[in-house]
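> These protein sequence lines map, in sequence, to chains U and Y.
Every letter in the first sequence is one number past the one before it in our numbering, and letter 116, counting from 1, is 122.
Every letter in the second sequence is one number past the one before it in our numbering, and letter 191, counting from 1, is 1436.
For the record, the hints were derived by calculation from the structure and aren't laboratory data.
Be aware that one or more of the hints could be misleading.
Stated by the list, open to error - Calculated lysine-lysine pairs in the DSSO-like style (CA-CA distance at most 30 Å, straight line):
1. U:K146 / U:K111
2. Y:K1278 / Y:K1459
3. Y:K1285 / U:K140
4. U:K111 / U:K140
5. Y:K1297 / U:K148
6. Y:K1278 / U:K219
7. U:K231 / Y:K1350
8. Y:K1298 / Y:K1349
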Amino acid sequence: MAEQKVKLLGFWVSPFAYRVIWALKLKGIDYEYIEEDIFNKSPLLLQLNPIHKKVPVLIHGDRVISESYVIVQYIDETWPHCPLLPQDPYERAMARFWADFAETKLLNTAWLGLCARGAEREKAAKLAMEAVEKIEEVVKGKKLFGGESIGYLDICLGWISYWLPVWEEVGSMQIIDPIKFPATSSWMNTLLHHPVIGDNLPGRDAMIEYFQKRSKDIYESDWFKDIIRLHLHP
Amino acid sequence: MADEIVLLSIWPSMFGMRVRVALAEKGLKYEYKEEDLQNKSPLLLMMNPVHKKIPVLIHNGKPISESMIIVEYIDEVWNHKSPLLPTDPYQRAQARFWADYVDKKLYDIGKKIIWSIKGEEETGKKEFIECLKLLEGELGDNPYFGGENFGFVDVSLVTFSCWFHTYESYGNFSIETECPKLVAWTKRCLEKESVSSSLADPHKIHNFASGVRKRLGIE
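Construct the entire structure; sequences and hints are all you get.
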């Protein structure tokens, strides 16, 4: 099974797709990358992921897997060399917990901060910083979440090292203050200098341009007001 | 050395019930502590300082939070009996995908029906039925989501079934009419001791929801 052809359906600026790219590269797995235009979804995407209609989608032989952290775990279990998740069940549970935490408490709030304006942007950024405070405690004293080598949690949180500074710049917010969060800042730096991560990132200028437009489009949309109400004024 | 297992939860929580089902499937003895969410115990605040939520499993003094993370932990530690996740990586991926779907969709949509978020009851009901139908489609003709055996996705979803009567009552619809195969699956699951001993009584759940609605001023 492991030797069957691997394809990845992704979007050039998606941090979720990059989790899968990093996992595949770390394991040395060859794959074909297929770029998807998420604003004009292809019949292929709609056929492969009819439920969420999102990237990334991994195609392995005739198997189709969606949801980035489900895909990363699938990769880890199918190609068990260079393990990403720890061996110990408690450590595995902790990795899954913090991956979920960072997704719900940091990624979502930072994204809200990027797309909101004024007081709501400030509130979202403040919530994001509170999340970083907790992550700081977890990464303190470690080179990487995975110890000496990149692990599951480094991959799931890797977007913090590159996408978050872009969102901070576009959104004129500071979420990762290197003085307040030295351990997190150091981890971000370590990650970016790792060849698999550092050599596999989208272009920064293109990202800035993309997220500037995205932020404006989302802020001006009708549905964003509901998102703000749900997440910032529950 | 015997394992010391403690579960912090509240009796109506479908998330806490998932952990009870998993522990029962593995035949494990544990101490159950009922929490008061209006007056959280020092133990809960110490064991889940990040979210301050239930359920929390404390295994030999070490806490684990988030119900499906707890269930997966239980499955990995006590892997000698009643496996909840299959061994094949692709089947595991499918199970994780669907458990994630239940988590992402069902609870939040269901809230629109019960806690009457203004103007969202009808859309909530429509979305809720769509979700259940999708899940029913995934079940197909299998006895369980895990195929021949009760598994990970079954655990994630079955605990919602004791809330069905409450959703139906406030949404004014019948889940059995909309999704007969799914309701048949819930009855099949309830034949299992691990499920029937872990799920709360649907009428007690309804009374509980009614009490919360009164407190929120929507009853």
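> The structure should be examined with respect to each hint, and the outcome stated for every one.
Against the structure, the hints come out as follows:
no. : hint              : verdict
1   : U:K146 / U:K111   : 19 Å, holds
2   : Y:K1278 / Y:K1459 : 26 Å, holds
3   : Y:K1285 / U:K140  : 21 Å, holds
4   : U:K111 / U:K140   : 10 Å, holds
5   : Y:K1297 / U:K148  : 26 Å, holds
6   : Y:K1278 / U:K219  : 50 Å, violated
7   : U:K231 / Y:K1350  : 20 Å, holds
8   : Y:K1298 / Y:K1349 : 17 Å, holds
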